[in-house]
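A.B. asks: What follows is each chain in one-letter form.
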Amino acid sequence: SQKIEQNSEALNIQEGKTATLTCNYTNYSPAYLQWYRQDPGRGPVFLLLIRENEKEKRKERLKVTFDTTLKQSLFHITASQPADSATYLCALRMDSSYKLIFGSGTRLLVRP
Amino acid sequence: NAGVTQTPKFQVLKTGQSMTLQCAQDMNHNSMYWYRQDPGMGLRLIYYSASEGTTDKGEVPNGYNVSRLNKREFSLRLESAAPSQTSVYFCASSLPRENTEAFFGQGTRLTVV
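Those sequence lines, one after another, are chains A and Y.
FYI, the numbering used here numbers position 88 of the first sequence as 88, with every residue one higher than the one before it.
Take the position in the second sequence, starting the count at 1, then add 1000; the result is the number in the numbering used here.
Certain hints may be false.
Below, a list of computed lysine to aspartate or glutamate pairs in the DMTMM-like style, where the Cα atoms sit at most 20 Å apart [as the list claims (entries may be wrong)]:
hint	chain 1	residue 1	chain 2	residue 2
1	A	Lys-55	Y	Glu-1098
2	A	Lys-99	Y	Glu-1079
3	A	Lys-3	Y	Glu-1079
4	A	Lys-71	A	Glu-52
5	A	Lys-71	Y	Glu-1098
6	A	Lys-99	A	Glu-5
7	A	Lys-59	Y	Glu-1101
8	A	Lys-3	Y	Glu-1052
9	A	Lys-55	Y	Glu-1059
10	A	Lys-63	Y	Glu-1052
11	A	Lys-99	Y	Glu-1098
12	Y	Lys-1014	Y	Asp-1026
13	Y	Lys-1071	Y	Asp-1056
14	A	Lys-71	A	Asp-84
15	Y	Lys-1014	Y	Glu-1079
16	A	Lys-57	Y	Glu-1101
17	A	Lys-3	Y	Glu-1073
18	A	Lys-57	Y	Glu-1098
19	Y	Lys-1057	Y	Asp-1026
20	A	Lys-3	A	Asp-67
21	A	Lys-57	A	Asp-67
22	A	Lys-99	Y	Glu-1101
23	Y	Lys-1009	A	Glu-5
24	A	Lys-71	A	Glu-5
25	A	Lys-99	Y	Glu-1052
26	A	Lys-63	Y	Glu-1101
27	A	Lys-3	Y	Glu-1059
Everything labelled a hint here was simulated from the structure, so no lab data went into it.
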């Protein structure tokens, strides 16, 4: 079955540094991969979507890469701020049914 | 702009009781989802509905039933609640295309004692 893995350990970084989060998947070749942000007590909010033929996508301080050979996506936040502290989840749609499956998420903590 | 609305926000049930979690969206989306979120487990898909009248099992469907009443509403029913169903439940909706994002409700925190 489809499996999506994200680092379960929290990432703790200093303000101003670049945060890099990893998403690995197995047993499927999705055409798209998505990233969401989730704050405590709230539902996830969509951030970025990247296609399989896009190596990289940017939105303001966010950058996502998608390596279909490695079956991996990297999510970068440059010039990180304490307000970026949250849990970040990757997601992809499995097969033609369009069911959306999520990884377990990585918690990011940005220290002032 | 309501988006996806879930009711109730909090609920405490006794083991064996039943209840229905309600979800409605006003974005004219065909696809709707129910997830549960447990610490360290991320979001796990319970059931999915591609359109009105159709439902499909997700990763963890046991102990749940769903009903897609119309295009707007997708309800999740626990017939006989168990402590293992203590979780935060999220409803979401999206357009039925691979390249579109999902929109989530604010969640229902359910405790089964």
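A.B. asks: Look at each hint and say if it fits the structure.
C.D. replies: Against the structure, the hints come out as follows:
A hinted pair counts as satisfied when its Cα atoms are at most 20 Å apart, and Lys-55/A with Glu-1098/Y qualifies at roughly 18 Å. With a CA separation close to 24 Å, the supplied pair Lys-99/A and Glu-1079/Y exceeds the 20 Å bound. The straight-line distance between the Cα atoms of Lys-3/A and Glu-1079/Y is roughly 29 Å, outside the 20 Å bound, and the hint therefore fails. Taking the CA atoms of Lys-71/A and Glu-52/A, the gap is about 10 Å. The hint holds against a cut of 20 Å.
A hinted pair counts as satisfied when its Cα atoms are at most 20 Å apart, and Lys-71/A with Glu-1098/Y qualifies at roughly 18 Å. Among the hinted pairs, Lys-99/A with Glu-5/A is consistent with the structure: their alpha-carbon atoms are about 17 Å apart, no more than 20 Å. In summary, the hint linking Lys-59/A to Glu-1101/Y is supported, as the alpha carbons are separated by about 15 Å, within the 20 Å threshold. Taken as a hint, the Lys-3/A and Glu-1052/Y pair is broken in the structure, with Cα atoms around 28 Å apart against an allowance of 20 Å.
For the suggested pair Lys-55/A and Glu-1059/Y, the alpha carbons sit about 30 Å apart, so the restraint of at most 20 Å is broken. Using a Cα cut-off of 20 Å, the hinted pair Lys-63/A and Glu-1052/Y is violated, with the two alpha carbons roughly 36 Å apart. For the suggested pair Lys-99/A and Glu-1098/Y, the alpha carbons sit about 9 Å apart, so the restraint of at most 20 Å is met. The straight-line distance between the Cα atoms of Lys-1014/Y and Asp-1026/Y is roughly 32 Å, outside the 20 Å bound, and the hint therefore fails.
Pair hint Lys-1071/Y plus Asp-1056/Y holds up; C-alpha atoms about 15 Å apart against a cutoff of 20 Å. In summary, the hint linking Lys-71/A to Asp-84/A is not supported, as the alpha carbons are separated by about 26 Å, beyond the 20 Å threshold. Straight-line distance between C-alpha atoms of Lys-1014/Y and Glu-1079/Y comes to about 12 Å, which keeps the hinted pair within the 20 Å bound. A distance of roughly 15 Å separates the Cα atoms of Lys-57/A and Glu-1101/Y; the hinted pair therefore holds under the 20 Å criterion.
Using a Cα cut-off of 20 Å, the hinted pair Lys-3/A and Glu-1073/Y is violated, with the two alpha carbons roughly 29 Å apart. Between Lys-57/A and Glu-1098/Y the alpha-carbon distance is near 17 Å, which keeps this suggested pair within the 20 Å criterion. Restraint check for Lys-1057/Y and Asp-1026/Y: the C-alpha separation of about 24 Å exceeds 20 Å, so the hint is violated. Among the hinted pairs, Lys-3/A with Asp-67/A is consistent with the structure: their alpha-carbon atoms are about 16 Å apart, no more than 20 Å.
Restraint check for Lys-57/A and Asp-67/A: the C-alpha separation of about 12 Å stays at or below 20 Å, so the hint holds. At most 20 Å may separate the alpha-carbon atoms for a hinted pair to count; Lys-99/A and Glu-1101/Y meet this at roughly 12 Å. Only pairs whose Cα atoms come within 20 Å are accepted, and Lys-1009/Y paired with Glu-5/A is rejected, the gap being roughly 29 Å. At roughly 11 Å between alpha-carbon atoms, Lys-71/A and Glu-5/A fall within 20 Å of each other, so this suggested pair holds.
Pair hint Lys-99/A plus Glu-1052/Y holds up; C-alpha atoms about 15 Å apart against a cutoff of 20 Å. Under the criterion of a C-alpha separation no larger than 20 Å, the hint pairing Lys-63/A with Glu-1101/Y is consistent with the structure, at around 17 Å. For the hint pairing Lys-3/A with Glu-1059/Y, the CA-to-CA distance comes to about 11 Å; that is within 20 Å, so the pair holds.
Violated hints, listed in ascending order, are 2, 3, 8, 9, 10, 12, 14, 17, 19 and 23; each of the other numbered hints is respected by the structure.
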